[in-house]
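Novice: Each chain, written out:
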Amino acid sequence: MSSEISIEALLKRRKKGYSLEAPFYTSDEIFKLDMEIIFGRHWLHVGVEPDVAEPGDVMVVDIGKTSVIVMRDDDMELRAYHNVCRHRGARIVLKEKTSVGNLVCSYHQWTYGQDGELLFAEHMGNDFDRKCRNLKKVHIRSVGGLIFICLAEEAPDDIDRMAAAIEPYILPHDLKNCKIAKTVDLIEKGNWKLTMENNRECYHCVGNHPELTIPLFEYGFGFAPDGTNPKRMEHAAKYDALVQSCHTGWEASGFPSREIEHLTDTTGFRAERLPLDGAGEAHTKDTRSASKKLLGSIAERKLGALSFWTQPNSWNHFMSDHIVTFSVFPLGPDRNLLRTRWLVHKDAVEGVDYDLNRLTEVWEATNQQDADLVEISHNGAISPAYEPGPYSPYTEPLVEKFTEWYVGRMAEHLLGKQAAVSVAAE
Amino acid sequence: MSSEISIEALLKRRKKGYSLEAPFYTSDEIFKLDMEIIFGRHWLHVGVEPDVAEPGDVMVVDIGKTSVIVMRDDDMELRAYHNVCRHRGARIVLKEKTSVGNLVCSYHQWTYGQDGELLFAEHMGNDFDRKCRNLKKVHIRSVGGLIFICLAEEAPDDIDRMAAAIEPYILPHDLKNCKIAKTVDLIEKGNWKLTMENNRECYHCVGNHPELTIPLFEYGFGFAPDGTNPKRMEHAAKYDALVQSCHTGWEASGFPSREIEHLTDTTGFRAERLPLDGAGEAHTKDTRSASKKLLGSIAERKLGALSFWTQPNSWNHFMSDHIVTFSVFPLGPDRNLLRTRWLVHKDAVEGVDYDLNRLTEVWEATNQQDADLVEISHNGAISPAYEPGPYSPYTEPLVEKFTEWYVGRMAEHLLGKQAAVSVAAE
Amino acid sequence: MSSEISIEALLKRRKKGYSLEAPFYTSDEIFKLDMEIIFGRHWLHVGVEPDVAEPGDVMVVDIGKTSVIVMRDDDMELRAYHNVCRHRGARIVLKEKTSVGNLVCSYHQWTYGQDGELLFAEHMGNDFDRKCRNLKKVHIRSVGGLIFICLAEEAPDDIDRMAAAIEPYILPHDLKNCKIAKTVDLIEKGNWKLTMENNRECYHCVGNHPELTIPLFEYGFGFAPDGTNPKRMEHAAKYDALVQSCHTGWEASGFPSREIEHLTDTTGFRAERLPLDGAGEAHTKDTRSASKKLLGSIAERKLGALSFWTQPNSWNHFMSDHIVTFSVFPLGPDRNLLRTRWLVHKDAVEGVDYDLNRLTEVWEATNQQDADLVEISHNGAISPAYEPGPYSPYTEPLVEKFTEWYVGRMAEHLLGKQAAVSVAAE
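Residue numbers (full-length UniProt numbering), protein chains in the order written: chain A, 1 to 426; chain B, 1 to 426; chain C, 1 to 426.
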């Protein structure tokens, strides 16, 4: 009856330009493979340097069943370790955020240094070789202040290329000298890929995001050319001209702005600085800055928003006065956690330089609206009547690129590099 | 160890006259097959015409993972569609009950007409063929005002025979001109078949249903002949005589009453009008009508209760003044939803013609008592010590018929028509 | 990808002296086998005779999906039956504790005597053979007032040896003439074996149990000899001398005290009476008795604590004034229930002879601390980065013995007796 089909077959027959077949959103088996392949072997966006600003600061990040200690050591270096004691496996750090000297397991007080070395383990006797029991390391890397980790033995090395390409865009916003004004965790009741697909298009914005569409231009994320509607074509042409002139001006002032796209890389990413509507300053309800203190040495408020999207799990918006970052953590086939951080200049004072509600209200509202859309998408995908539907070639090409990246990455690991290419080339 | 046995083998070795083996009540795999075969390919009782009384009225019905839009179009026809947008699969109607002009998906505003045709989808370009993206239809059929749907490509055609046989019984109660006085959803913590088995006998009534046994005669659902208890035999004989005389009288007045039974049909059903105790009018605590306004053109209050049972998932009681309908929706191997509706004449006024509590109290109490019995049955069935026990040949023959129908339907789909017959004939 | 490995292979390659591989703590399949083999075929500690003190007293015990009626009949004998009606499988006794004459199923009033015989079943007709429908029996056995049951067809017979060895230790505490002052159920969020491993060592006590370490000597559960710390060696030597002198004194007074260990038996167990710190009387915060009335004919308060550990699921502490018993009931791979009972002399009056809070506070605190440790152990074991770590040869030998017993029992049933021996001998 319920005929089973292998994930390999599903990957091979994936139809370009269409949403994925249901098992990619609903199956426990594919979810396990997603965690093993996508989240187990790629660079993941997990936070920002201000999460661990001071020596000894620790943040725990859970990637599925894997718990990771992200910390800053006394030499201000970033470190990451598996949060598993080498004695009987207890979790070592229990709080999401804390500050430590050494890392001490509460079960039997095994004590590890900031470099992961086992310093102390009582009652183990003279034959015990402490050196074999150091904490297991996790790859960690800051890209312009955004923290990425990789759980694989060998991490993809193209993160160097991403860093080289994107840091000139990000560094002027001086993320390292920001502070986190607020972090919000939102559980989305759908597969993590539905959250990512939702993020990769703004076709749904006009009908669902009354707050976000104040600063965002409707034409900024594609539209179908429609000869029968000359007014619309006119608006679109005006928008294109605006983007060109903004880019030219910003780049002349030292703010790289033009699109860079490497969405098919192993460490896939894309970035572009886009003008905003109204005052053009920020993702706020009045389109003006949310914080009086501008970031780094920025003097110009009207910088639009530099957006930086990474595969598989993030998007980030850098404005002249604040930064918003988003990390997606899958919790199950039908559930994921979206962690959003709002950052302002580290010297900005709440209530004086910025109002917290004004800073966060657009994205708090938008995130909830998106969570609702992800939930109704997931609830549709579980129906036996669901079948893949067509992406708009005009408003959803980036959804297709996310999906293609996902299919390609899965295929490379499950079918081998050769096959992955032929899947992508179909 | 835990030796596995196939459902095919379990079906073949099912012992007549005994409850089912545990996996039929507890296994995830068999639950999936139940949803695919029983709930995926048979006519299901999902509501009543007054649920969607007006043009544009919509009711969403969830059958396992399948969400169905049941609606009345502007021509007063019933329509049913899969509640899945043909774009990226979002659920279209989110509320359980609403009223619409067109069906609009909230994600990207794809808009479908009441006939299911895709009328509007922006940004899809000139190559996009809208006709391939109409809503998927679901079979829908009213039988005397009771709404049945079927999720299969081809629906069993013997529903025509059921309609022809049962409508003369039901139509005098004029269900279409009733209104729903109350709908109650109750989660029962047991397999849906335990709920159905519980419904198919009244052996448990005397010990568990103090309210229901006021209007119901103890002898109405069978008893063991007991030569040693002459008083009981006398009561039973009296009851039989009462049924005969009632049937004769009611049929003479135009109310078909005698048992019709087609419990082995694909669309299995059974009906009979039975006298009630006391005043004989209704399932109320004083056995008198709950509503002053009688249904349709009925003039006689003392019509007993016409009961209409359908496979796999309903029972219904039609009295002179009100109707009670019950639909069972499986939620998991160990959980189902029982939806009960009480209907009165559409012109009856609450507080004037009927008291809502009096109308519903017998079945609200009875449903909860049955839910408790279903839960203790399920909790017993999960025990490794459980084994099928014997049904009483006197009080549980209709339980056996339900179980046989289930086994026969599963066998036909899993083993083929030939085998199904031989299973049933064993 | 996710390479699967059989439990047989995991058992065979288990490395002595190390914690188990992750699937033993996390896999659904191994949990099912644990329930089938360990909890389905061994003697389980489920309560104490005072749980069912009077004729007709009933206690329901749930072992996974199996519900058992434990009762005392009118002849004061202990009886145990599967809590499943032989008609349609309903649970018969619904409350955790009650008192009955006969056992009556609430569904259709099938009635069983205290000996399990079906006495009454209406409507079943003349061909019905009641004798085939008696309740299914479960093995039950009191060992010094502690109640053990076994779900297997044939129970391991070495419980006789355990009883013969341990009753001289227990009987002076006269458990049968105690009353239960309090029972507390605590859900521990980890595999049941992690709860047992936690119980089998006190390496974690100094860092986690501020209350328990008041009466308990640090050296009572092993330590690593450390020539470089002469003070510690001196303390340890003193402690050994104390144990020797206490044992000598207590045994002379008729209280067997020296260690008996049969941890590799099918019905594995271990016992020893150990001195306590301070006043040496009880597991209380001031180390003095919690109850004024001493147990049985005990006259000496300072008897330390007789500890009696059984495989797979209990530990018990007998003091001069009170007894504390612990039973572990697995609920899932990641969850178990710890039921703790505090018993005092049956004539002791709360508020007069004992203060309930003082009686229970040490173990209530300790249990919660251990539950937290079990949870962090489980959360570590689910990480792909977890691998078995070394037990301390000085402080964790009894953890190793529990683990060896578990591996040996599983191997005997899955690989045969021959293989079990060779696994154990590796």
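The set of hints was computed from the structure by calculation and includes no laboratory data.
Among the hints, a few may not be true.
Since the list gives no way to pick out one identical chain from another, each pair is judged satisfied if it fits inside one copy or across any two copies.
Here are the simulated lysine to any residue pairs, SDA-like style, with alpha carbons at most 20 Å apart [what the hints assert, rightly or not]:
#, residue 1, residue 2
1, K65, K97
2, K179, R341
3, K189, N177
4, K137, E387
5, K131, E387
6, K189, S106
7, K137, A385
8, K401, T266
9, K136, E21
A quick note: this is a predicted structure, and the numbers were derived from the prediction, not measured.
Novice: State for each hint whether it applies.
Specialist: Hint-by-hint comparison with the structure:
1. K65 to K97: Cα proximity of K65 and K97: one copy only (18 Å, versus 39 Å across).
2. K179 to R341: within (10 Å within a copy, 52 Å between copies)
3. K189 to N177: So K189 and N177 fail the 20 Å test inside a copy (34 Å) and across (41 Å) alike.
4. K137 to E387: Result: close only across copies, 14 Å inter versus 42 Å intra.
5. K131 to E387: between (54 Å within a copy, 16 Å between copies)
6. K189 to S106: Between copies only: 17 Å across chains, 34 Å inside a chain, cut-off 20 Å.
7. K137 to A385: between (45 Å within a copy, 10 Å between copies)
8. K401 to T266: Classified as within; 13 Å inside a copy, 48 Å across copies.
9. K136 to E21: So K136 and E21 pass the 20 Å test across copies only (17 Å; inside, 37 Å).
When the structure is compared with the earlier hints, a violation turns up for hint 3 alone.
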